[in-house]
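Protein chains: 2
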Amino acid sequence: MPMMTSLSGFPEFTPEEKILEDELISRLTKVFELHGFSHLETRAIEPLSELERKGETSKEVYVLSRLQDKEGKEDRKNGLHFDLTVPLARYVLENSHLLRFPFKRYQIQKVWRGERPQEGRFREFVQADIDMVAAETLPPQFEIEAPLIMAQALDSLPIPTPVVHVNSRKILQGVCNALGIAHVEGVLQVIDKHDKVSPDDFAGMLSELGLDTSQVQTLVNLADICGADESVIQQVRDLGLQDDLLEEGLEDVARMLRSVPDHEKGNVVADFKIARGLDYYTGMVYETFITGAESYGSICSGGRYDNLVSQGKRHFPGVGMSIGLTRLISIILANDWAKVSRQVPTCVLVAVDSEETRGQAENVAWKLRARGINTEVSPTAAKYGKQIKYAVTRGIPYVWFVESGEVKNLINETQESAQADTFTPAPDLLKPQVIANYE
Amino acid sequence: MPMMTSLSGFPEFTPEEKILEDELISRLTKVFELHGFSHLETRAIEPLSELERKGETSKEVYVLSRLQDKEGKEDRKNGLHFDLTVPLARYVLENSHLLRFPFKRYQIQKVWRGERPQEGRFREFVQADIDMVAAETLPPQFEIEAPLIMAQALDSLPIPTPVVHVNSRKILQGVCNALGIAHVEGVLQVIDKHDKVSPDDFAGMLSELGLDTSQVQTLVNLADICGADESVIQQVRDLGLQDDLLEEGLEDVARMLRSVPDHEKGNVVADFKIARGLDYYTGMVYETFITGAESYGSICSGGRYDNLVSQGKRHFPGVGMSIGLTRLISIILANDWAKVSRQVPTCVLVAVDSEETRGQAENVAWKLRARGINTEVSPTAAKYGKQIKYAVTRGIPYVWFVESGEVKNLINETQESAQADTFTPAPDLLKPQVIANYE
Numbered sequence: 001m002p003m004m005t006s007l008s009g010f011p012e013f014t015p016e017e018k019i020l021e022d023e024l025i026s027r028l029t030k031v032f033e034l035h036g037f038s039h040l041e042t043r044a045i046e047p048l049s050e051l052e053r054k055g056e057t058s059k060e061v062y063v064l065s066r067l068q069d070k071e072g073k074e075d076r077k078n079g080l081h082f083d084l085t086v087p088l089a090r091y092v093l094e095n096s097h098l099l100r101f102p103f104k105r106y107q108i109q110k111v112w113r114g115e116r117p118q119e120g121r122f123r124e125f126v127q128a129d130i131d132m133v134a135a136e137t138l139p140p141q142f143e144i145e146a147p148l149i150m151a152q153a154l155d156s157l158p159i160p161t162p163v164v165h166v167n168s169r170k171i172l173q174g175v176c177n178a179l180g181i182a183h184v185e186g187v188l189q190v191i192d193k194h195d196k197v198s199p200d201d202f203a204g205m206l207s208e209l210g211l212d213t214s215q216v217q218t219l220v221n222l223a224d225i226c227g228a229d230e231s232v233i234q235q236v237r238d239l240g241l242q243d244d245l246l247e248e249g250l251e252d253v254a255r256m257l258r259s260v261p262d263h264e265k266g267n268v269v270a271d272f273k274i275a276r277g278l279d280y281y282t283g284m285v286y287e288t289f290i291t292g293a294e295s296y297g298s299i300c301s302g303g304r305y306d307n308l309v310s311q312g313k314r315h316f317p318g319v320g321m322s323i324g325l326t327r328l329i330s331i332i333l334a335n336d337w338a339k340v341s342r343q344v345p346t347c348v349l350v351a352v353d354s355e356e357t358r359g360q361a362e363n364v365a366w367k368l369r370a371r372g373i374n375t376e377v378s379p380t381a382a383k384y385g386k387q388i389k390y391a392v393t394r395g396i397p398y399v400w401f402v403e404s405g406e407v408k409n410l411i412n413e414t415q416e417s418a419q420a421d422t423f424t425p426a427p428d429l430l431k432p433q434v435i436a437n438y439e
Numbered sequence: 001m002p003m004m005t006s007l008s009g010f011p012e013f014t015p016e017e018k019i020l021e022d023e024l025i026s027r028l029t030k031v032f033e034l035h036g037f038s039h040l041e042t043r044a045i046e047p048l049s050e051l052e053r054k055g056e057t058s059k060e061v062y063v064l065s066r067l068q069d070k071e072g073k074e075d076r077k078n079g080l081h082f083d084l085t086v087p088l089a090r091y092v093l094e095n096s097h098l099l100r101f102p103f104k105r106y107q108i109q110k111v112w113r114g115e116r117p118q119e120g121r122f123r124e125f126v127q128a129d130i131d132m133v134a135a136e137t138l139p140p141q142f143e144i145e146a147p148l149i150m151a152q153a154l155d156s157l158p159i160p161t162p163v164v165h166v167n168s169r170k171i172l173q174g175v176c177n178a179l180g181i182a183h184v185e186g187v188l189q190v191i192d193k194h195d196k197v198s199p200d201d202f203a204g205m206l207s208e209l210g211l212d213t214s215q216v217q218t219l220v221n222l223a224d225i226c227g228a229d230e231s232v233i234q235q236v237r238d239l240g241l242q243d244d245l246l247e248e249g250l251e252d253v254a255r256m257l258r259s260v261p262d263h264e265k266g267n268v269v270a271d272f273k274i275a276r277g278l279d280y281y282t283g284m285v286y287e288t289f290i291t292g293a294e295s296y297g298s299i300c301s302g303g304r305y306d307n308l309v310s311q312g313k314r315h316f317p318g319v320g321m322s323i324g325l326t327r328l329i330s331i332i333l334a335n336d337w338a339k340v341s342r343q344v345p346t347c348v349l350v351a352v353d354s355e356e357t358r359g360q361a362e363n364v365a366w367k368l369r370a371r372g373i374n375t376e377v378s379p380t381a382a383k384y385g386k387q388i389k390y391a392v393t394r395g396i397p398y399v400w401f402v403e404s405g406e407v408k409n410l411i412n413e414t415q416e417s418a419q420a421d422t423f424t425p426a427p428d429l430l431k432p433q434v435i436a437n438y439e
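In order, the protein sequences belong to chains A and B. Under full-length UniProt numbering, think of the first position of the first sequence as 1, with each following residue one higher. Under full-length UniProt numbering, think of the first position of the second sequence as 1, with each following residue one higher.
In case anyone wonders, no lab produced these hints; they're calculated from the structure. Misleading hints may appear alongside valid ones.
Put simply, identical chains are the same to the list, so a pair is met inside one copy or across any two.
Taking lysine to aspartate or glutamate pairs in the DMTMM-like style, the calculated list, with each CA pair at most 20 Å apart, reads [claimed, not checked]:
1) Lys110 / Glu21
2) Lys431 / Asp421
3) Lys339 / Glu439
4) Lys383 / Glu355
5) Lys386 / Glu136
6) Lys367 / Asp155
Small disclaimer: the values here were computed from a predicted structure and weren't measured.
Between the sequences and the hints, there should be enough to build the whole structure, so can you do that?
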């Protein structure tokens, strides 16, 4: 079933799709908490001054006015947040006296962007972020932990193997230094487009920046180096460039590759064309692709930032990654990668023989609920056939008949006596299940 | 710790308070699903035409513009929803072909109101709603089930006994009919203010509507009748009024009182001064008070509506109730009714002896996580005392020492050998706990 968007760019889920989203959020939450991240939620609204700190994206902001504020006193002073990083920066600075550093938090919330809606672009969507923010000095292993945690989180979802691609801004900067390229920002922007253009166009765009053939060729070669094995480090060294920052970045990525635990081998690779365009990153940068579905682009990106969270002399360097959850769900639905076993939480429908005996059905239902079994009582005392249909059309697996004291399993078509104090549903029928549906 | 509001009316929680909110949402969700309600989430943004359907509250709407939309093409056409009922009505009408009726859904989302912020009033806050919507005919027991479900849900929260007060608009309308009062809306508005004014002022306000002494006295007497026992029905009959609608309403409330299961006795009472002001209710109406903290006003209100969800000839009567969750949490925090056992999900901190042996600490951590134990590795290889302090200040109960193969329980100050494959934390230390803290 496709997501519904009666207002262009503002998707809504059916109850069945919402079960999928809830399951995804629950699995992500579990992994984030396994790593000690605290749940944070910030208000949806920020002063425009905060929202405009990041520059480029400010054009997409939704600003707020009060309908009855005729004098316009509060007009357009505040807007809806367009990501969860800017609010985190504001929250950390505002509450640094209450927080313990390093501060590790996850945040799963809607964000809004007034972009032109298009394929896979939404104006209201959910992001799932993790960030680790330190006071003054960021422990270096946080840059290694972030992609390992996200790889584990994404691997718990019903999608083919996710692979986090890691690079370091130090490497890109160092390569530019060694090649004598001053206009690093322009190079980052072109490298960021590598996968969206042909090899010829990629080289052409670099030439247009004023780079000579040898500089272009070195960058083309660099962008092609990618792999999980530490040999990729040597491949970069073989480009024959000398620069301290480049060496530092290569050491970081090499340590990263050595730190991947056995159960995540292949989920994290070095990839030297990852640049993250104009963003505020200063160290490692990350993008994540689904194996066999790389054309959808990155589903989870981020990096290290040194200057985003700072005020006067206080600095809180951090590293974070963000999943575009709504977009990821739209990809899962489009590819039919997950099945939801039913559309309601209900496990048992208690049939009603007559309105006079509804109380007996209610008694059974309260007993089942007390034992954790999601139970509805039939809204009408219609013929059994009609009540069974109520269950069938919703995927409710059991119908309980009070008079006969029997329960019918609609999945395997069996019927047997049962007591409300002892009845135990099949484990896979207790709650709606999300079942992976791909090779 | 108080909630933080650096932007007036937009509260934010500390990580510790967020654990409380998450626990409350989890408990409410559990009860709603026990009764077969599906989780729904609607977009935050609605066309102004939808938001203005309800009349009165439209003045509080935040309208949206795009910062860069210089031509104002999309200016002020859409706004943020101010409740979850109007979006439900729109969602049901729009997707009636996809939904199964009766449709039972819960919805726990932020809403926004541009009201002047004041004690306990927020501009951004979370509501937790249940609604049951039927096609054409609402099964009568739904009006009985709604308060029973909410009573169970609220009773699962760390608050003193919640009591749902039930009345029927039919009774209030019927009484006015019998007394020959035409201006029923005015009477509803005054009755709605009963608990906020003195008895004399209450009678005075009724007089000001043009009611004579006998009419006023009858309404004063009616408003004083309240109780869980079916004898309250007789007390209303003893007022000596004759009207078919009144009788119908009394039958509804009587059946309601008889349906309260033993485990909820006292959690649901009839209370004939519940009116719900200008709202769109047509049958039963509900308000909920916390025993001993009634002065905070109703924490959960609602009622039956026949005409909210309709389009042309199609009618979807429904019944619903809404918890003001952010307000309820502010009450819990102000009264210190709940304690959170720690501020992070982390159960075990694995100490690091040196950066060279960090890998061994990571190995222990991955093993513990694989067994569902939330584990952090110390960010620095500082002296043990400093690493233990990292745990103590966050409330992390266990510190793991790799070299000695021992784990220290910081709560009871014991230390013993442990294996990552078999170590089992005390059940109450595995996750942060929310502990009720009232008589």
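Going down the list of hints, with the structure as the test:
no. : hint            : result
1   : Lys110 / Glu21  : both (13 Å within a copy, 18 Å between copies)
2   : Lys431 / Asp421 : within (19 Å within a copy, 30 Å between copies)
3   : Lys339 / Glu439 : within (14 Å within a copy, 46 Å between copies)
4   : Lys383 / Glu355 : within (12 Å within a copy, 72 Å between copies)
5   : Lys386 / Glu136 : between (67 Å within a copy, 18 Å between copies)
6   : Lys367 / Asp155 : between (38 Å within a copy, 17 Å between copies)
Every hint, counting from the list given before, is met by this structure.
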